Each structure stands twice: as C-alpha cells, then as structure tokens.
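Colleague: Could you put together the complete structure from these sequences and hints?
Taken in order, these protein sequences are the chains called A and B.
Per numbering that gives the first Met the number 0: the first sequence = residues 0 to 307.
Per numbering that gives the first Met the number 0: the second sequence = residues 0 to 296.
It should be emphasised that the hints constitute simulated quantities derived from the structure, not laboratory data.
Mixed in with the good hints there might be a few duds.
[Stated by the list, open to error] Okay, derived cross-link-like pairs now, SDA-like style, lysine to any residue, Cα gap no bigger than 20 angstroms in a straight line:
#1 K91/A - G4/B
#2 K245/B - R18/A
#3 K99/A - I259/B
#4 K91/A - E157/B
#5 K91/A - R16/B
#6 K138/A - G77/B
#7 K245/B - E157/B
#8 K91/A - S62/A
#9 K245/B - S13/A
#10 K125/A - R16/B
#11 K91/A - T7/B
#12 K245/B - D57/A
#13 K99/A - L13/B
#14 K245/B - V17/A
#15 K152/A - C28/A
#16 K243/A - P265/A
#17 K91/A - F22/B
#18 K245/B - S85/A
#19 K243/A - S285/A
#20 K251/B - M155/B
#21 K91/A - K245/B
#22 K245/B - G15/A
#23 K99/A - A12/B
Just so you know, these numbers come straight off a predicted model, no measurement behind them.
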Amino acid sequence: MANPVLEVENLVKSYGDVRAVRGVSFSVCEGEVFGLLGPNGAGKTSTVEILEGLRTADSGRVSVCGFDPAVSPEELKHEIGAALQSTSLPDKLRVMEALKLFGSFYRHHRRRNPEDLLRRFGLEEKRNAFYSQLSGGQKQRLALAMALVNDPKVLFFDEPTSGLDPQVRREIYDIIEELRRENKTIVLTTHYIEEAERLCDRVAIIDHGQVIALGSPRELKAHSGGATRIEVRLAKPEANGDLKTLEGVADAREVDGAYVIHSHRPPQAIVAMVKHLEARGNELVSLEIATPSLEDVFIELTGRRLRD
Amino acid sequence: MRNFGSLTRMRIALTLRNRMFLFFSVVMPFAFFFLYAGVFAKSNPYAVRFFLGPILSLTVMGSFWGLSAALVTFREQGILRRFHVTPVTAGDMLASSVVANFILIMPTVILQFLFARFLFHVTDFGNLGVAFVLLAAGTISFAALGLVVASVTNTMQETQVINQLLWLPLIFLSGATFPLAFLPAVAQKFALFLPATYLVEGLRHSIFDPGASAWDARVAFGSLVFWAVLTFFLSVQLFRWEPESKVPRRAKLLVAATAIPFLLLGIWENSYGHIPQQASAAFESLTTAGHHSTPQK
Numbered sequence: 000m001a002n003p004v005l006e007v008e009n010l011v012k013s014y015g016d017v018r019a020v021r022g023v024s025f026s027v028c029e030g031e032v033f034g035l036l037g038p039n040g041a042g043k044t045s046t047v048e049i050l051e052g053l054r055t056a057d058s059g060r061v062s063v064c065g066f067d068p069a070v071s072p073e074e075l076k077h078e079i080g081a082a083l084q085s086t087s088l089p090d091k092l093r094v095m096e097a098l099k100l101f102g103s104f105y106r107h108h109r110r111r112n113p114e115d116l117l118r119r120f121g122l123e124e125k126r127n128a129f130y131s132q133l134s135g136g137q138k139q140r141l142a143l144a145m146a147l148v149n150d151p152k153v154l155f156f157d158e159p160t161s162g163l164d165p166q167v168r169r170e171i172y173d174i175i176e177e178l179r180r181e182n183k184t185i186v187l188t189t190h191y192i193e194e195a196e197r198l199c200d201r202v203a204i205i206d207h208g209q210v211i212a213l214g215s216p217r218e219l220k221a222h223s224g225g226a227t228r229i230e231v232r233l234a235k236p237e238a239n240g241d242l243k244t245l246e247g248v249a250d251a252r253e254v255d256g257a258y259v260i261h262s263h264r265p266p267q268a269i270v271a272m273v274k275h276l277e278a279r280g281n282e283l284v285s286l287e288i289a290t291p292s293l294e295d296v297f298i299e300l301t302g303r304r305l306r307d
Numbered sequence: 000m001r002n003f004g005s006l007t008r009m010r011i012a013l014t015l016r017n018r019m020f021l022f023f024s025v026v027m028p029f030a031f032f033f034l035y036a037g038v039f040a041k042s043n044p045y046a047v048r049f050f051l052g053p054i055l056s057l058t059v060m061g062s063f064w065g066l067s068a069a070l071v072t073f074r075e076q077g078i079l080r081r082f083h084v085t086p087v088t089a090g091d092m093l094a095s096s097v098v099a100n101f102i103l104i105m106p107t108v109i110l111q112f113l114f115a116r117f118l119f120h121v122t123d124f125g126n127l128g129v130a131f132v133l134l135a136a137g138t139i140s141f142a143a144l145g146l147v148v149a150s151v152t153n154t155m156q157e158t159q160v161i162n163q164l165l166w167l168p169l170i171f172l173s174g175a176t177f178p179l180a181f182l183p184a185v186a187q188k189f190a191l192f193l194p195a196t197y198l199v200e201g202l203r204h205s206i207f208d209p210g211a212s213a214w215d216a217r218v219a220f221g222s223l224v225f226w227a228v229l230t231f232f233l234s235v236q237l238f239r240w241e242p243e244s245k246v247p248r249r250a251k252l253l254v255a256a257t258a259i260p261f262l263l264l265g266i267w268e269n270s271y272g273h274i275p276q277q278a279s280a281a282f283e284s285l286t287t288a289g290h291h292s293t294p295q296k
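Modeller: The structure is reproduced here in structure tokens:
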C-alpha cells in the first residue's frame, strides 16, 4: 500500500459481555475514501471512536497520522476532524460562534477561515441562527463544516446521512465527493449501500465486529459474480433447493421470508421460475429486480440483509 | 489551558441567553436582598450591614446549581463528546465553567454592595478588602462543588435531588438564613461541619464586627480555598465525556473524601473555636443597637 495514514491491527473492544469489535484490521491510504459498511451494531462506530481517541481499545494496534490515540490523544486530535454520530451543540450557540469556537482549539496556522466554511456549506444565511433553529440537514452540514475547521489530515464521518431525507442526503454526498477531489483522507461509516458504492474507494464490510470482506466496491461485486438479484415473495413457501436448480439461476436463498435469487440470465430465470411455480400450484406475490450491489455481497457472506 | 479563554467566553454567552440563569442568578439574589434588607432589617443601615454577609453568601453559594446542571446537560445531550474529539481537556472544560461563573456573579455582588450603600445608606462596610477575598474564595469553592455533583450523577433528576439535599442544610444550618445565634445548640455544633458556615460567618465578621482583620479570615479563607482545590482536582479526575458512561464506584468514595477537610475543621472548631459565641455577640449587638437607633431617627 502506497502511504498508509491510518493503520488498525487486530482491534478488540468489549462492553461488559458484549464483544463489539473482534479483531478488526485494515489500513487507509492518503487521499483515500474508506468505508466501513455494515448493519447497525456491527461495531463500526466503536471502531471509529477508538481511532478518534474517544474510547480505548482492549487490545490491538492503532496508528492515525503516526499517533496512537491511547498514548498521544492530544497530538492526534490536532490532526483529525470528525462528524460524530450522536452529538449535539448547545441550543443557544450560533452557527458562526460554533465555527469560531471550535477553530480556536487548534494551532493558528491550521485554522480555516470560518467565512469560507459558511459559504462552502451553504450556511451563510444561518450564520446568526441558534443551533436549535437549524433543520436536520443544516445541522449535519454544520457538523461537516466543524470537522474541517483545523484543515485535518484525516476526516471521520460516522453515519453522515443517517436520518436525513433523500434530497439532503444527496447534498451531503456532493460535499463528500468534493472533499474527495481535494484528496482528503476520509473514513466513513454507513449502513447505506448506495453511500458506500458511490463515495468510497475501498470498503470494509463489517458484521458482528469483524471485517468479512474488504476491497473496492467493484472488486467486491466481482467477487459475488456480478449476478443480477431477483427478489420474489411467494404465496406458499418453497424449498430453496428447488429454486436453485432452475434454468438460469446461479443461487437462491431465503432471507426474511423473501427469496433472493442471483442470476446471470434474468429473463430465462424468471420464465423458468414462473413455470415451476405454476406447476406446483404456487403463486408470485411480488417480484423485484436489482442490479448487483454490495447488498448482494453482504447477503452472500452472511445470509442476511444489510438494511434493518 | 490554551482553549480555556474561548470556552469561558462561550459559557458566558450561553449563560446570558438562558432564562433560568436570569432567574436564579439575578432575580433570586435580589429578592433575598430586599427581603433581608427591607423586611428583616427594616431598612435600618446597621441591621442591613449585619445581614449583608448572609445575603452575599447566598448569592455566591447558588453557583453550584447552575454549574452542575449545565455540565450534566452538556453530557446528557452529547455536547461534551463533540468537544472530546478536539484538543480540549477536562481541565479546560471545568476551569472555564468556574471562571465564567465567577465573572457572571461578580456584577450581582457589586450591585448588592451598591444597593446597600445607596438605597439602605450603609456607610461602613468594615474590612471590604477581606470581604471580597472571601467572596471570591466562596464563589470558586461552591462552583467546584457543582462540578463534583456533576461528576457523581448520571442524570439531570439525580443532579437536582443531590442539589436539593445539599442546598437545604447549606442555607438553613449555616447562618445564611437564620442567624447562627438563633439555632439550637445541636444545630450550631452541626453548622461547624459545613463550608457555608465559614463563608457566612467570615463575611459577616469582616463586614460587621469592629476591627475585623485579614488575619481573622485565615480559617475561613484557608479552608474554602483548600476545599476548592481538592474538589476541582477530583472533578478533573472523575470527568466523563460520554452520555452513557456511568459513575464508577470509586468516584463515590473519592467524593466522600471531599467532606474530610470540613469534618476535621468542624471537630477542631467544636472543641477550640469561638464561632457561635462570636455570632451570638454580633446578633445581640444588633438587637441593642437596633433599639437605640430607631428612636434617634
């Protein structure tokens, strides 16, 4: 790997009996957008919070910009910027005050001009608004702007679009893509497939505290054979094995009451399936066709869906 | 401590935008002031001067309410954790709370002196310099008490319960509301274990008793400053940034340790000190002087 700015080796973290992170390893290069994709509770946030110096690991080796967060948290914090998942600002703090206040915590030569940040994140009109008066999207834009006040080497965005409506989500994507063009190193956690595919150079798929797959979205999808996903709901249950043997079907499995079929020849597979069902007196309730995505990789590896 | 200045400015700005602050730190202290000076002291300058110590003590002692509530709210809402990903330290956060509180409370204190002078015609404030030094020590030590309360409570409800439990004995058994001379002997003995008593009595002595010197204030000043340093240091050690992090068991033991200085001082004062006698003498001089001054008018 060219120039890793962030390295994690065998990271372990437990909360009481809950083993949140179980031996996670990865490294991130300078200028890379690296995604941690996984369902809620997979250990993404715990991992990122250890990297940010908010939590201490039980074991494992961590290096961010050459610093171990557990050993030199203060030096580390000068180098990073973060938009945390569950965070807030005082209700009566104004937008501009927040940017200036957080800028003041960093060395002078690193501080970004708060006016530029306001403009860039479309918050000029809200400069004197209280934090409590902002909409969800505006709060998130402010959170991203605040992560940039010290022109950080590494950015951490923990679920940056969680709970936002689709239009606002696209706005945030545009911002992150712009940062990517500026060659910022970004570590992003998400449980949205679209986000990981669209924004990330490389993705680590995390489940139950472990990295189960790692690579560029293209590599990962190639791994699953690039098959089209056909999702059907049936009137009566059907044995997986029967569906698997149909013409054009590469793989079939039951996920949450639906059948997920992967196929390289979708038209043939659908025709074969309809005939098969008719012969059995069964019926299609719904049918959905999706181009291959990281969701398929996840289903293939875990037998479960990624969304909640 | 580099971030301390900007944090202090933020805290002052936020507090001034908070209506609760206006009520507890401005309306309440002046309500007390006029109740004591106008009703209890019947606007008699000599009596107003007597009550000035208790009134000012109440003003600065209230610090711990606001500070503990603000800090717990910041933690509960996940505001502290945002600061935690910056180079801000626990020391920065706590020291800025204490200093912001000090700056916000001083105008009220000064106004109360000015009201006493110009509305109630108190001309002699005894040893004013000593009074200010004691007020400063009191403001800081009761602010530090607020930090400790925040460090041993998990929720706002818990914080308010603890605050109530602290506030009632601090105001009723220290001479801040009922003069010490009024209290039964047992309560007087108990009062000597409370930091508030040393503040109230120290202030009253420096303002009211003739010939009060800086040396007289040594016990009050020394004990309050020592206590402030101890509680501040402990609060830094026990500081929690995360909303879900709970109070560790050792924290409760450590916090119990902050009571030790006044426990020891109380034992000493109960055996060798003269604080209740001094307070009673002052109160008696008030009643006799009161009888003299009213007909002379």
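Colleague: Confirm or reject each hint.
Modeller: Evaluation of the provided hints:
1. Proximity of K91/A to G4/B is assessed by CA-CA distance (about 19 angstroms); at most 20 angstroms being required, the pair is judged to hold.
2. Between K245/B and R18/A the alpha-carbon distance is near 19 angstroms, which keeps this suggested pair within the 20 angstroms criterion.
3. Of the pairs offered as hints, the one joining K99/A and I259/B is violated, with about 42 angstroms between alpha carbons and a cut-off of 20 angstroms exceeded.
4. Taken as a hint, the K91/A and E157/B pair is broken in the structure, with Cα atoms around 24 angstroms apart against an allowance of 20 angstroms.
5. The hinted pair formed by K91/A and R16/B meets the criterion: a straight-line CA distance of about 7 angstroms does not exceed 20 angstroms.
6. For the hint linking K138/A to G77/B, the alpha-carbon distance of about 14 angstroms falls within 20 angstroms, and the restraint holds.
7. The suggested pairing of K245/B with E157/B holds, with an alpha-carbon distance near 12 angstroms, which does not exceed 20 angstroms.
8. A C-alpha spacing of about 37 angstroms is found between K91/A and S62/A, which places the hinted pair above 20 angstroms, so the restraint is violated.
9. Of the supplied pair hints, the one linking K245/B and S13/A holds, its CA atoms being roughly 16 angstroms apart against a limit of 20 angstroms.
10. For the hint linking K125/A to R16/B, the alpha-carbon distance of about 18 angstroms falls within 20 angstroms, and the restraint holds.
11. Restraint check for K91/A and T7/B: the C-alpha separation of about 15 angstroms stays at or below 20 angstroms, so the hint holds.
12. This hinted pair checks out: K245/B and D57/A have alpha carbons roughly 18 angstroms apart, not beyond 20 angstroms.
13. For the given pair, K99/A sits about 15 angstroms from L13/B by alpha-carbon distance, which is consistent with the 20 angstroms threshold.
14. Taking the CA atoms of K245/B and V17/A, the gap is near 17 angstroms; set against the 20 angstroms cutoff, the hint holds.
15. Of the supplied pair hints, the one linking K152/A and C28/A holds, its CA atoms being roughly 11 angstroms apart against a limit of 20 angstroms.
16. Restraint check for K243/A and P265/A: satisfied, since their Cα atoms lie roughly 13 angstroms apart, inside the 20 angstroms limit.
17. Of the supplied pair hints, the one linking K91/A and F22/B holds, its CA atoms being roughly 17 angstroms apart against a limit of 20 angstroms.
18. A distance of roughly 17 angstroms separates the Cα atoms of K245/B and S85/A; the hinted pair therefore holds under the 20 angstroms criterion.
19. Our distance criterion of 20 angstroms between C-alpha atoms is met by K243/A and S285/A, whose separation comes to about 19 angstroms.
20. For a cut-off of 20 angstroms, the pair hint linking K251/B to M155/B stands: about 17 angstroms separates their Cα positions.
21. At roughly 27 angstroms between alpha-carbon atoms, K91/A and K245/B are farther apart than 20 angstroms, so this suggested pair is violated.
22. With a C-alpha separation of about 13 angstroms, the suggested pair K245/B and G15/A falls inside the 20 angstroms cut-off, and the hint holds.
23. At roughly 14 angstroms between alpha-carbon atoms, K99/A and A12/B fall within 20 angstroms of each other, so this suggested pair holds.
Of the numbered hints stated above, those contradicted by the structure are hints 3, 4, 8, 21, listed in ascending order.
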